[in-house]
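**Q** What follows is the residue order along each chain.
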Amino acid sequence: AQTVTQSQPEMSVQEAETVTLSCTYDTSESDYYLFWYKQPPSRQMILVIRQEAYKQQNATENRFSVNFQKAAKSFSLKISDSQLGDAAMYFCAYRSIGGNNNDMRFGAGTRLTVKP
Amino acid sequence: DTEVTQTPKHLVMGMTNKKSLKCEQHMGHRAMYWYKQKAKKPPELMFVYSYEKLSINESVPSRFSPECPNSSLLNLHLHALQPEDSALYLCASSRDRGVNTEAFFGQGTRLTVV
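Chains G and F are the protein sequences, given in the same order. Take 1 as the starting number for the first sequence in this note's numbering and just add one per residue. Take 1 as the starting number for the second sequence in this note's numbering and just add one per residue.
Be careful, since some hints might not be right.
Straight-line alpha carbon distances no greater than 30 Å define the calculated DSSO-like cross-link-like pairs of lysine-lysine that follow [said to hold, decoys possible]:
1. G/78 x F/53
2. F/41 x F/53
3. F/53 x G/115
4. G/78 x F/41
5. F/40 x G/70
6. F/53 x G/73
Between beta-carbon pairs, the in silico distance windows are [claimed, not checked]:
7. F/96 x G/41: 44 to 54 Å
8. F/52 x G/116: 42 to 52 Å
9. G/18 x F/40: 24 to 34 Å
10. G/71 x F/96: 22 to 32 Å
11. G/40 x F/69: 23 to 33 Å
12. G/5 x F/98: 36 to 46 Å
13. F/83 x G/40: 26 to 36 Å
14. F/15 x G/81: 26 to 36 Å
15. F/51 x G/29: 32 to 42 Å
16. G/72 x F/17: 27 to 37 Å
17. F/38 x G/12: 38 to 48 Å
18. G/14 x F/82: 22 to 32 Å
19. F/84 x G/97: 12 to 22 Å
Note that these hints are calculated values from the structure, not bench results. Every residue, glycine too, gets a C-beta built ideally from N, C-alpha and C.
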């Protein structure tokens with residue numbers, strides 16, 4: 001089974017600065033999807049960004065970008081120009097391409113604090 | 001409308017009670033999910049419905065009983081729960097179970113079993 005590891009339980013960043021959250025995963029599959037979800041205190045999980053494993057180009061969504069290293073099985077999230085509203089729990093997630101078990105599996109999460 | 005609505009937002013129930021959690025979406029999604037999330041832990045998949053049929057049951061105890069009456073609604077019936085079942089229960093939906101389809105989550109029901 002695939003596993004997702006987030007080794008940073010907590011991270012802190014100064015407002016307007018840049019922070020990188022780490023995620024590694026273990027899989028024997030060659031095609032899959034990776035996601036970063038954000039869960040603020042409101043509890044709702046919100047999709048931040050997604051990456052398709054067969055695409056070499058790193059995904060970017062405004063201030064959010066990923067560094068996808070397929071060989072190293074690493075999928076880090078970079079948040080630029082951090083804002084107070086970025087404070088939340090961030091979950092990395094993996095999803096298989098096929099088979100009957102292609103539902104999302106989450107890492108343990110990283111709690112991000114943004115200091116004014 | 002990209003909303004998944006869950007009711008109630010909070011629920012306190014005794015171990016002998018029967019209650020139900022409800023989830024609703026009007027995005028035309030045909031896959032719906034129940035997740036359980038303990039404090040400071042990631043969501044754990046419980047059930048998946050695809051086209052109103054249960055396709056995954058992740059070895060969840062029978063005191064949790066899912067139901068999908070139609071393509072817009074998903075219920076989770078609770079009976080004889082234990083205190084360790086206290087958690088945030090999240091509902092999600094996606095267009096289908098295709099991997100490149102985004103999952104939309106509700107705000108969850110915070111369940112406390114006393």
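**Q** Does 32 to 42 Å hold as the CB distance between residue 51 of chain F and residue 29 of chain G, or does it fail?
**A** violated (25 Å)
**Q** A range of 22 to 32 Å was offered for this pair. Does it hold for the Cβ distance of residue 71 of chain G and residue 96 of chain F?
**A** holds (31 Å)
**Q** Take the C-beta atom of residue 15 of chain F and the C-beta atom of residue 81 of chain G, compute their distance, and say whether it sits inside 26 to 36 Å.
**A** Cβ of residue 15 of chain F to Cβ of residue 81 of chain G: about 49 Å, so the range 26 to 36 Å is violated.
**Q** Range first: 44 to 54 Å. Now tell me if the beta carbons of residue 96 of chain F and residue 41 of chain G are that far apart.
**A** violated (31 Å)
**Q** Looking only at beta-carbon atoms, does the pair residue 5 of chain G, residue 98 of chain F fall within the given range of 36 to 46 Å?
**A** Taking Cβ atoms as reference, residue 5 of chain G and residue 98 of chain F lie about 26 Å apart, which means the hint is violated.
**Q** Measure nothing beyond the straight line between the CA atoms of residue 53 of chain F and residue 73 of chain G; if it is 30 Å or shorter, mark the hint as holding.
**A** violated (34 Å)
**Q** Starting from residue 41 of chain F, check that the Cα of residue 53 of chain F is at most 30 Å away, please.
**A** holds (28 Å)
**Q** For the pair supplied as a hint, residue 53 of chain F and residue 115 of chain G, is the alpha-carbon distance within the 30 Å limit?
**A** Violated - the C-alpha atoms of residue 115 of chain G and residue 53 of chain F are around 46 Å apart, more than 30 Å.
**Q** Is it true that residue 72 of chain G and residue 17 of chain F lie within 27 to 37 Å of each other by Cβ?
**A** At 49 Å between Cβs, range violated.
**Q** Do the beta carbons of residue 84 of chain F and residue 97 of chain G sit within 12 to 22 Å of each other?
**A** Given a distance of about 34 Å, which is not inside 12 to 22 Å, the answer is violated.
**Q** Tell me if the beta carbons of residue 52 of chain F and residue 116 of chain G are separated by a distance inside 42 to 52 Å.
**A** For residue 52 of chain F and residue 116 of chain G the Cβ distance comes to about 48 Å; the hint holds.
**Q** Holds or violated: 26 to 36 Å for the Cβ distance of residue 83 of chain F and residue 40 of chain G?
**A** holds (27 Å)
The earlier numbered hints that this structure contradicts are 1, 3, 6, 7, 12, 14, 15, 16, 17, 18 and 19.
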